[in-house]
Amino acid sequence: MENIFDIKTEHDFLAASLRIFRCQYDNIEVYRKFVDYLKINPEEVRTLDKIPFLPIEMFKNHQILDKNVSTDLFFQSSGTTQMNLSKHFIADENIYKESIYRSFEQFIGKPEDFIFLGLLPSYLEKHNSSLIYMVDFLMKKSGKPENGYFLYNHEDLFKLLNDLKDKKVTLFGVSFALLDFLDFCNSNSQTLQFSNTLTVIETGGMKGRKEEMTKDELLVILQKGFKTDKIYSEYSMTELLSQAYSLGQNEYQCPNWMRILIRNVEDPFSYEKHGKTGAINIIDLANIHSCSFIATQDLGKIAGDKFQVLGRIDHSDIRGCSLLVS
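Numbers 74 to 399, taken from the numbering used here, label the letters of the sequence shown in order.
Hint data in this document are derived by calculation from the structure and do not stem from the laboratory.
Errors might be hidden in some of the hints.
To be verified - No more than 27 Å apart at the CA atoms, straight line, and that leaves these computed lysine-lysine pairs for DSSO-like:
hint: 1; residue 1: Lys199; residue 2: Lys133
hint: 2; residue 1: Lys303; residue 2: Lys241
hint: 3; residue 1: Lys379; residue 2: Lys349
hint: 4; residue 1: Lys240; residue 2: Lys214
hint: 5; residue 1: Lys213; residue 2: Lys240
hint: 6; residue 1: Lys123; residue 2: Lys140
hint: 7; residue 1: Lys217; residue 2: Lys238
hint: 8; residue 1: Lys140; residue 2: Lys106
hint: 9; residue 1: Lys238; residue 2: Lys214
hint: 10; residue 1: Lys232; residue 2: Lys183
hint: 11; residue 1: Lys240; residue 2: Lys170
hint: 12; residue 1: Lys183; residue 2: Lys133
hint: 13; residue 1: Lys303; residue 2: Lys183
hint: 14; residue 1: Lys106; residue 2: Lys133
As the list claims (entries may be wrong) - Have a look at the derived ranges for each label pair, beta carbon to beta carbon:
hint: 15; residue 1: Leu265; residue 2: Thr287; range: 53 to 61 Å
hint: 16; residue 1: Glu324; residue 2: Lys240; range: 23 to 31 Å
hint: 17; residue 1: Ala88; residue 2: Leu233; range: 23 to 31 Å
hint: 18; residue 1: Ala376; residue 2: Asp302; range: 15 to 23 Å
hint: 19; residue 1: Tyr110; residue 2: Leu383; range: 23 to 31 Å
hint: 20; residue 1: Gly216; residue 2: Asp145; range: 41 to 49 Å
hint: 21; residue 1: Leu265; residue 2: Asn114; range: 55 to 63 Å
hint: 22; residue 1: Ser260; residue 2: Glu290; range: 18 to 26 Å
hint: 23; residue 1: Asn100; residue 2: Thr287; range: 13 to 21 Å
hint: 24; residue 1: Gly216; residue 2: Asp302; range: 24 to 32 Å
hint: 25; residue 1: Asn167; residue 2: Glu117; range: 29 to 37 Å
hint: 26; residue 1: Lys346; residue 2: Glu290; range: 42 to 50 Å
hint: 27; residue 1: Lys232; residue 2: Asp340; range: 51 to 59 Å
hint: 28; residue 1: Gly384; residue 2: Glu198; range: 39 to 47 Å
Predicted model only: the values in this text are computed from it and were never measured.
Just so it is clear, CB atoms sit at the ideal spot from N, CA and C, and this is done for glycine as well.
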């Protein structure tokens, strides 16, 4: 396959998407059966909105993998042991590593310039987390001795952040853990003293651990608590090898090899215009060996060259998704 990381124009992206679509139709059994079930002729697909998007639930029950490769490496979604969890099998780690590096460099800066801290307790306590793999990789690229993870040792994190107040620090944190940390600071009358060199990247994830709130409400609380405007967000998932970043205002940008389309929640084969809310379809060309075309259960809308994530689809409203999965 061509180097997807060299994509520069929309023409480049369309051409690469169509080539990868046809290759995945030929070589990924589950995807081929899905496309055939829809009675779609791959040779007649010439635009992005005509490409069939595989429902993300398929990763829970099937191995989505090119028949010409084999691998023991997989990432698994978070959840309880009683849940049927998604598995994303990874045939080429180097693709994921390059995607991580280039996305971070494009939107945040060179990883080598930062100290990386992780406040990701719910992910550290699980195995096969793609998020932990990502942060591990960034830490290795950084090579800073201060790099490290924190579970619930908030006092240690508080002390280190203050010690590093004049250095460029990126703190990756799951939403509920960042809020817990700020609660610790407030309850202990601890005052964070930062220059403008701290970047906080929240990765989503309340999962019943905190009272649900909108992303805008969360960002306001984090900005006030950390005394910085640099509250960023990262949007990805187990089933993807690429990351979109928001540099504030809950507006995400995709790297050049990733795109978002917004489908109608009741008709999965029609798409919403810019500014209208619908379900998020993702094209991730880094998923060369699995599936690059995924229909998620996230709600969102496109605004200009950015997109917003607005929550999850209410299961009572996903007749279209249910049709595809069945």
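Status of each hint after checking the structure:
At roughly 17 Å between alpha-carbon atoms, lysine 199 and lysine 133 fall within 27 Å of each other, so this suggested pair holds. Restraint check for lysine 303 and lysine 241: satisfied, since their Cα atoms lie roughly 12 Å apart, inside the 27 Å limit. Between the alpha carbons of lysine 379 and lysine 349 the distance comes to roughly 13 Å, so the proposed pair stays at or under 27 Å and holds. Of the pairs offered as hints, the one joining lysine 240 and lysine 214 holds, with about 17 Å between alpha carbons and a cut-off of 27 Å not exceeded.
A hinted pair counts as satisfied when its Cα atoms are at most 27 Å apart, and lysine 213 with lysine 240 qualifies at roughly 18 Å. Taking the CA atoms of lysine 123 and lysine 140, the gap is about 24 Å. The hint holds against a cut of 27 Å. Between lysine 217 and lysine 238 the CA atoms are separated by roughly 15 Å; this keeps the pair inside 27 Å, and the hint holds. Among the hinted pairs, lysine 140 with lysine 106 is consistent with the structure: their alpha-carbon atoms are about 14 Å apart, no more than 27 Å.
Restraint check: the Cα-Cα separation between lysine 238 and lysine 214 comes to about 21 Å, which is no more than 27 Å; the hinted pair holds. Between the alpha carbons of lysine 232 and lysine 183 the distance comes to roughly 25 Å, so the proposed pair stays at or under 27 Å and holds. A hinted pair counts as satisfied when its Cα atoms are at most 27 Å apart, and lysine 240 with lysine 170 qualifies at roughly 25 Å. The suggested pairing of lysine 183 with lysine 133 is violated, with an alpha-carbon distance near 35 Å, which exceeds 27 Å.
For a cut-off of 27 Å, the pair hint linking lysine 303 to lysine 183 stands: about 16 Å separates their Cα positions. Our distance criterion of 27 Å between C-alpha atoms is met by lysine 106 and lysine 133, whose separation comes to about 16 Å. About 24 Å separates the C-beta atoms of leucine 265 and threonine 287, a value inconsistent with the hinted range of 53 to 61 Å. Our hint of 23 to 31 Å for glutamate 324 and lysine 240 holds, since their Cβ atoms are close to 28 Å apart.
Remark: the range hint 23 to 31 Å for alanine 88 to leucine 233 is contradicted by a beta-carbon distance near 47 Å. In this structure the hint that alanine 376 and aspartate 302 lie 15 to 23 Å apart at CB holds, the actual value being about 20 Å. Against the hinted window of 23 to 31 Å, the Cβ-Cβ separation of tyrosine 110 and leucine 383 comes to about 30 Å, which satisfies the hint. At roughly 28 Å, the beta carbons of glycine 216 and aspartate 145 sit outside the given window of 41 to 49 Å.
Between leucine 265 and asparagine 114 the beta carbon distance is about 59 Å. The supplied range of 55 to 63 Å therefore holds. Against the hinted window of 18 to 26 Å, the Cβ-Cβ separation of serine 260 and glutamate 290 comes to about 20 Å, which satisfies the hint. Roughly 41 Å separates the CB atoms of asparagine 100 and threonine 287, a value that falls outside the hinted 13 to 21 Å. The supplied range of 24 to 32 Å is met by glycine 216 and aspartate 302, whose beta-carbon atoms lie about 28 Å from each other.
Remark: the range hint 29 to 37 Å for asparagine 167 to glutamate 117 is upheld by a beta-carbon distance near 34 Å. Checking the proposed 42 to 50 Å range against lysine 346 and glutamate 290 shows it is violated: the Cβ atoms sit about 27 Å from each other. At about 54 Å, the beta-carbon gap between lysine 232 and aspartate 340 stays in the expected band of 51 to 59 Å. A C-beta distance of roughly 25 Å is found between glycine 384 and glutamate 198, which places it outside the suggested range of 39 to 47 Å.
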